[in-house]
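**Student:** Sequence:
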Amino acid sequence: MEIGSIVGSSPQAIAEASCRAMLAGDRVSHGLGIRLIDAGPGHASLGMAVREDMLNGFGTCHGGILFTLADTALSCACNSHNRRSVAHHCSIVFLRPGGLGQQLVATATERALNGRTGIYVVDIRDDLGQTVGEFFGHSRIIEGQVVGTG
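In the numbering used here, the protein residues as written are 1 to 150.
I should point out that these hints are in silico values taken from the structure, not numbers from a laboratory.
A virtual CB, placed ideally from N, CA and C, is assigned to each residue, including glycine.
Just to be clear, a hint being listed does not mean it is correct.
Claimed, not checked - Computed spacing ranges between beta-carbons, pair by pair:
(1) R116 with F58: 37 to 45 Å
(2) A24 with Q130: 18 to 26 Å
(3) H30 with H89: 20 to 28 Å
(4) R111 with S10: 16 to 24 Å
(5) A87 with R35: 17 to 25 Å
(6) T109 with G31: 35 to 43 Å
From just these sequences and the hints, can you work out the full model?
**Tutor:** As structure tokens, this is what we get:
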């Protein structure tokens, strides 16, 4: 499906097109190798392989890199309804670091969407299925759409 040709499309197709459009212009995500795994209305899963240049002084992937992966998943989930949204509050709990070569997956799930405000939880797991971190975010819908419908 071409981005911009979503008139009459299903909510699933709209969610996928919105996430792909957002990621297409996201240079940070491209630089980190973040990729879309799955998207639907109110949810998104994104993956990233831990590279050597992502390791901190302890030789682990922790902190800002994990926050960026989780925040990008939140961004895809909250914009999946094709209503432009921004995060206005986020927090993260780190449970364990990622390691070199691991495939990390951040899955964002919409817990509530009421008016212009949404609440999201993002679960970050390693390739063994262990929880690396949990991210909590609130979104705010702003003017416009992510993908044109005309």
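**Student:** For every hint, state whether the structure bears it out.
**Tutor:** Consistency of the hints with the structure:
For the hinted restraint 37 to 45 Å between R116 and F58, the CB-CB distance of approximately 41 Å keeps it satisfied. The hint said 18 to 26 Å for the Cβ distance between A24 and Q130, and at roughly 31 Å that hint is violated. Our hint of 20 to 28 Å for H30 and H89 holds, since their Cβ atoms are close to 26 Å apart. For R111 paired with S10, a C-beta distance near 23 Å keeps the hint of 16 to 24 Å intact.
Between A87 and R35 the beta carbons are some 20 Å apart, a value that agrees with the proposed interval 17 to 25 Å. Between T109 and G31, the C-beta spacing of about 26 Å breaks the proposed range 35 to 43 Å.
When each numbered hint is compared with the structure, violations occur for hints 2 and 6.
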